[in-house]
Each structure stands twice: as structure tokens, then as C-alpha cells.
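All chains should be built: construct the whole structure from the sequences, respecting the hints.
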Amino acid sequence: MAEAEVAEKVRMFDIYVMEKRYKVPEGLTIQTALEYCGYRLIRGCGCRGGSCGACATVYNFTHDPTLRYGLACQTAVEQDMCVVQIPCFPTAKPSYDLKELKPTGEQVLEIYPDLATCFGCNNCTQSCPQDIEVMDFMSAALRGDFSAVTAESFECVMCGMCAARCPQGLSPYNIAMLIRRLHGRYLLPKSKHLEEKVKEIEEGKYDAEYEKLRSTPMEELRRIYDERWIEPK
Amino acid sequence: MPYPPYMEESIRKLEASRQRRMKEEIPLISSDERDMIVRKYHPDYRETGKRKLLLGPNKDETMPEELANQLEGNSRVDPDKVDLSKIDYDVDVLIIGSGGAGLSAALLAQENGARVLIATKLRLGDSNTIGAEGGTQAADRPNDSPVLHYLDTMGGGHFENVPELVWAMARDAPMAIKWLEDLGVNWDKETDGSMRELELAGECRRRVHSCKDYTGLEVMRVLRDEVRCRDNIDYIEFEPAIELIMDDEGQVAGAILVNLETNKLSPVRAKAVIVATGGLGRLHTQGFPTTNHYGATADGLAMAYRVGCSLIYGDSIQYHPTGAVYPLQLVGILITENVRALGGQIINIDGEQVACNLEPRDILASFEIRECTERHKGITTSAGNVGVWEDIPLIDMLHGEGTIARRLPSLVHKFRRFNIDLIHEPVLVYPTLHYQNGGVRMDANSATEVPGLWAPGEVGGGVHGQNRLGGNATLDIYVFGRRAGREAAQYAKEVKLGKLNLDHVRQWQKELEQLDIAKERPFSPMLLPNYARQPSDYLADLYTEKLQPGLVKLA
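The listed protein sequences correspond, in order, to chains A and C.
Under the working numbering, think of the first position of the first sequence as 1, with each following residue one higher.
Under the working numbering, think of the first position of the second sequence as 1, with each following residue one higher.
Bear in mind the hints are in silico, worked out from the structure with no lab data behind them.
All of these numbers come straight from a predicted model, not from anything done at the bench.
Where is the CB? At the ideal position from N, CA and C, for every residue including glycine.
Any given hint could turn out to be false.
[As the list claims (entries may be wrong)] DSS-like mimics (lysine-lysine), calculated; alpha carbons at most 30 Å apart, straight line:
1) Lys23/C / Lys212/C
2) Lys93/A / Lys212/C
3) Lys178/C / Lys212/A
4) Lys99/A / Lys189/C
5) Lys192/A / Lys23/C
6) Lys178/C / Lys199/A
7) Lys93/A / Lys178/C
[Unchecked claim] So, partial list: chain C residues that the calculated Cβ filter (under 10 Å) puts toward chain A:
8) Ile177
9) Lys212
10) Leu217
11) Glu218
12) Glu352
13) Ala383
14) Pro409
15) His413
16) Val495
Below is the structure:
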């Protein structure tokens, strides 16, 4: 196919990378469009699959100044899009020893006292590329409702956009991180069968059975494998 | 416009056969039949795109061309220009890489008294771990045992695994899960605290632990937070290692780091080095797209090979049977195996099942390749990619409405951005480069053949044989990361380092010159792939050439 025919088939968009104009074909993500423009990425690129939060990007359009937020690897380019990546944003990250903490709202306020200064402007929610209701989980954090914080923030990729937009300098994603850990360690019920199995293993309950399999001839091992009982769904 | 009109007929056939397929059970094939199908169709057994290594510990063994080039690459360091008497960091344990294995090792090394430095190429925690959706195996239910886990893993690996490694992993698995629970990981549980566990392909019990379909992300967030909370663990981001340093006793004694933004080199002296750099997906062996993160370029393999570590099953690559093929933006990304565990079937262009959805990964990948090549029953996209359907909506019919939304939120979210509704529509899949089964040869504590060097996680080899079961990769990294960290810290207390040198690099370059291949080989480690467009060839790649399956340069 000649390039002219390709051009007919694929629309080309004007996009602005840090205000510099490029032409890129329709169907690319912001990330692959940057590469199409010739950028070799160092910062602002991670898993390339929407899981790591490395490629947070702010964008708007020449005809519409409203800011939007997306992950560059998950956002398709559009005509007249203006993009800037924010690969890193300074935040406070206190140290703590989870073993010494209590799973209470007071504890969280002790570590993040500024949490109480949240006045509900909702900038955080509007800036979340994962569409998380950030302000809702901040209210839940203030109420000490850790289950709600864990559920609401579970898709957080910790890109830092909420902190970048918070007028109070809070770092919602770090606060949620602490609360999820408290929830996982203290509020989810412990798994008894897990504890029992750990004990059995440490007591060496399965060692002999392994030693026996270890010395079983290959032919026989294959038979045992093929005939093993498979738990029904 | 979810799927283009040319796919509609095939989707209608798939929908028409759904009622019948709900009850249709295709039996698993026997271990003998498995050997036959992988030999005929699996990329590992193809002759093309491979060559023999000309030097190093695995000389004369065949490797994928892209990996062979990295292993035989030129050093990025000129030993005459590095002053090893000026050390920038002096630590007990240096950890290269910050995925699940690296950070598990860091925490255990620190707990065992070591001063730890983590050097990582991207941000702390950027790794394949963070994208792992499926879960982590551990035999902890009453009707299960580490011995059954051992047996499943051996069988899945075609009995070519190193038994001691498999046992170490199966035995430590419940302890690793418990460790993560105590660190604050929110495992999926029932209200009484019992784990909600899935059975993935090749597993005789339900033993895969998950955190919705964000399992790797949840664990990585926790490990990263814990590392940041601890004294005596430092980390440097965007500063990968490019060469190991030896001492005159033949021990690994540090590494040379490079600042990716300023190009400054920093020598690190370390009593013990843990190389935890993960896999090689971004080498795109045999032209396949990959699920791997941006930094998965086999750095640790290249560095370890140069100091004399041999590889085991270095040519064994896992092509995950369900990588996305459409839309173009998602090519290569992983459709978690949980979809198949929940009943998602693999369907050809005519609405027929391709194989049992619970076949191990290499078997199903082989069936899909047969369906799309020899049998011509695949669906070809306008970009020239080919694939088969994975019938996700079937899950809601089997388990009740709402199951897909509840169990697979991450997946649904990713496709919704491109107007594909996975609750009602299937997804097009084809094998995608997912994992390196082999790696640096190691013992049950991840110690390599060279003193002072450990290689836990994907960079290490032997535990999975030539095929890894779902849920054993994230387990591998926690178990062997912990073992390596513990042992390296202990070793660091006892070892006496001699004079640092880079003689092995001089020797290596000399051999490349003698073989007259230095000029043909690239620099290695690769560090980052280069997807920046060489102007004018991009449209040609994407649209004008008749591409073979999987040859798209995106993703």
C-alpha cells in the first residue's frame, strides 16, 4: 500500500507536546504518540499497561482549557490535544512501624495531622486518572471508616495527581496507603487455615512425603501426576 | 463502535454457540499428548530466530537471537576509565532492581542486620510484579499440601524443574502469604478470614490468592511503603547497574551504576550483591509483543553471564496464551488467567472451542498457534494481527450476573476506555511474550555459582522447568527474594573483600575481539528499548506490510 492510501485510511491529528506541535496518526495512546514524535522515554513510562502510575499526564485542548488527567499509556490521542507529563511530584511520606500502630482514625491523624484540613474542594477526585472518588475516601478516612477507604482506593496506582492538585498540600494516595495496610493487617479477619498450615510446615509435617516423591522414578512420578485427584470447581 | 463490522459475523457465531458450550467439557490432554503439541507448535521449539552462543558459560547452546545478542554484548564500561579507588557508595548488600524479588530481599536483608542499597532503573517498584493480576499460589487450605503444590509445579514444568528449588518454593509459600498479610496486604477473604482461592490451569487444588485483579499492584504498594519506612534501606531511582565489580578473590564485590539522566557512573562497593532485574520481555524475542514493563531487558542475565554465571533453560520463554490482540493500543497486554479459571473459553472464528480452557499455558498457546496458522481458524484484524476469542461474557452466565464486574474490575476498566464492554463482548487474544522460564542457575537460597551474587525472581532459573504455572511467578519472587536477602545479609557479616577490579570486563572484551564479533554485537545491558520512531518507517510497519501475527511494534 502506498503512503497516500495509508493517509486516506488513517486520520492524522495535531497534538501539542509541551506546546510543541506534532502530527500523529489516530489510534495511538499519548505514550505511543510521544514515541511516534521521536521521544525516547526515560521518566513517565513504566508498565505500559495501566497498572503502575508512572505516566500521569495532564492535558486539555486548544479549544477547551479544562484540564483532564490520564495515564499516557491508557489515553488515546485526540485532535488538538495539549499534553504535559508529570512523572513525579514532591509529597510528605512519614515513616512508621505498622506493628506499633493501632487501626484507628486517631492513629492516622497522628501520622497525617493535616488530614483534618481537607475542606472538600474535590480537586483530588477530578484529577484522578483511575476515576477514584478520592474526596469520598478522604471523608471516610476522617470518619475512621477503613473498609470504605480500602474499597474506594483499591484501584489507586499512586501516580500522585491528587497530591499535585490538593490546595492543602495533602497526599491522599499516601494516606490511603497507610489505611489499606492497617486494614489488611488489623481489620481483615486472620486466616486460620493459613496459620495452621504454616505451623504444620514448620513442624516438618510434609518433609517425609516430599523426600519420598523426590526419590520416585520419573515414570512412576508421571503416573502419580496424571492420576492425581483434581478438585472439582 | 466496539468491534469493527468485519468481526461481527464471527462474534454472532460465538454468541450462538454459547448455550451449547456452557455444558461442553473438553477433557485435558495427557502428558504424552502435551509433549507432542508443544514440540510441533510452540515458539520455543522453532528453529528460526535462534543461534548458538559463541562464548561464555553456555557456549554452543542455542538461545533466541535477541537474548544471545545481549549475552554476547559489549560492556558499556571502559575499565581503564573507571577509578575503583573512588567509591560512591559502600554498603553491605546491594540490590539491583526493585520489583517483588528485590524489595522482599531488601526487607529481609535489613532485618538481618545489613545496610542495604537498592539501585533501580525506573521508579522504586516499577516492575512486572506491579502488573501481575492473577495471584499467588500457596497450599494453605486443609485439603491441600505443599507436596501437591510441588507435584503440580513439576508436572506443569514437564518434570524438568530443579526439584530442590520447587520444594523450597512450595514449602515456603504459606509463610510468604502470611508475611505479606502481616505487612498489610488485603488478600481476598471470606468473612471468617478464610482465603478466597482460585484454581488456575494445571493445579489440582484451589490455591491462588488474589487481591481482586490487582494482586501485584496491592503487594507492590505494600512492599514499597515498607521499604520507605525502614532505616538502613536507601534507594536510588533511574540509576541501573551496567556492570558487576569483582575482587581479586573472585568474589562479586559491587557494581557500576549509571545515572540515566546525567550519564554519571557511580561505583558501589558491596559485600554481597543481589541481582533482581526480572525478565526479558522487552527484547521481543521472535518478534512477539509482550506483557512486560518497559525495563524488562535482561540486564541481570547479561551482567551475571559476564562474571561467569551459567543460565539454565535460557531459551525457554513463556508465551502467555491470552495477550490482547485488539484494539491496537492494548496489543500484548495480559488478559489474566483468572478469566479462564472462572470459565472463560477460547473460541475460534466459527464459534468452536479451541481446547480445554484449563490447559497449562504452553499447551494452550500451542493450540492457539495451530488454530491460527495450520487450521486458518483465527480472526485477522485490519492491522494484520491474528487471534482467537476469549469468551468473557460466559463467566456471568456460569456464575451469575455481576461476577465479571466484581472479579475483574481492572480488565473491564482497561477495555472500557476503548469502548469495548467485556461484560457483553468477547476479547481477541493470541500468545504474548510473558515470562522467562529459565535464567541464572541458582541454589535453593538463590545463590549463583559465583560467590557474592544471588539471583532471586524471574532472573533466576530452574524452579519452573520449561513452563511456569499461573500464580507461581509472584510466589517465586517473594520466596526466593526473602531467602536471598536473609542469606546475603549473613554472608556480608563474614566475607572479607579483596581489591576491587574489572578484569573480567577486560577479559570479556578481549574474547569478543578474538572471535571478531565485537563490532557486530550491541552494547549490553540494553537498559531500555528504543521505540522512538525512526522517521518515515512507522506507517510502513503498521499498515503497509503484511505483518506476521504479533509483529506490531506498539505496546
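Hint by hint, here is what the structure shows:
| no. | hint | verdict |
| --- | --- | --- |
| 1 | Lys23/C / Lys212/C | holds, 27 Å |
| 2 | Lys93/A / Lys212/C | holds, 26 Å |
| 3 | Lys178/C / Lys212/A | holds, 27 Å |
| 4 | Lys99/A / Lys189/C | holds, 21 Å |
| 5 | Lys192/A / Lys23/C | violated, 36 Å |
| 6 | Lys178/C / Lys199/A | holds, 11 Å |
| 7 | Lys93/A / Lys178/C | holds, 26 Å |
| 8 | Ile177 | holds, 6 Å |
| 9 | Lys212 | holds, 7 Å |
| 10 | Leu217 | holds, 5 Å |
| 11 | Glu218 | holds, 8 Å |
| 12 | Glu352 | violated, 22 Å |
| 13 | Ala383 | holds, 9 Å |
| 14 | Pro409 | holds, 7 Å |
| 15 | His413 | holds, 7 Å |
| 16 | Val495 | violated, 29 Å |
Checked against the numbered hints given earlier, this structure breaks hints 5, 12 and 16; the rest are met.
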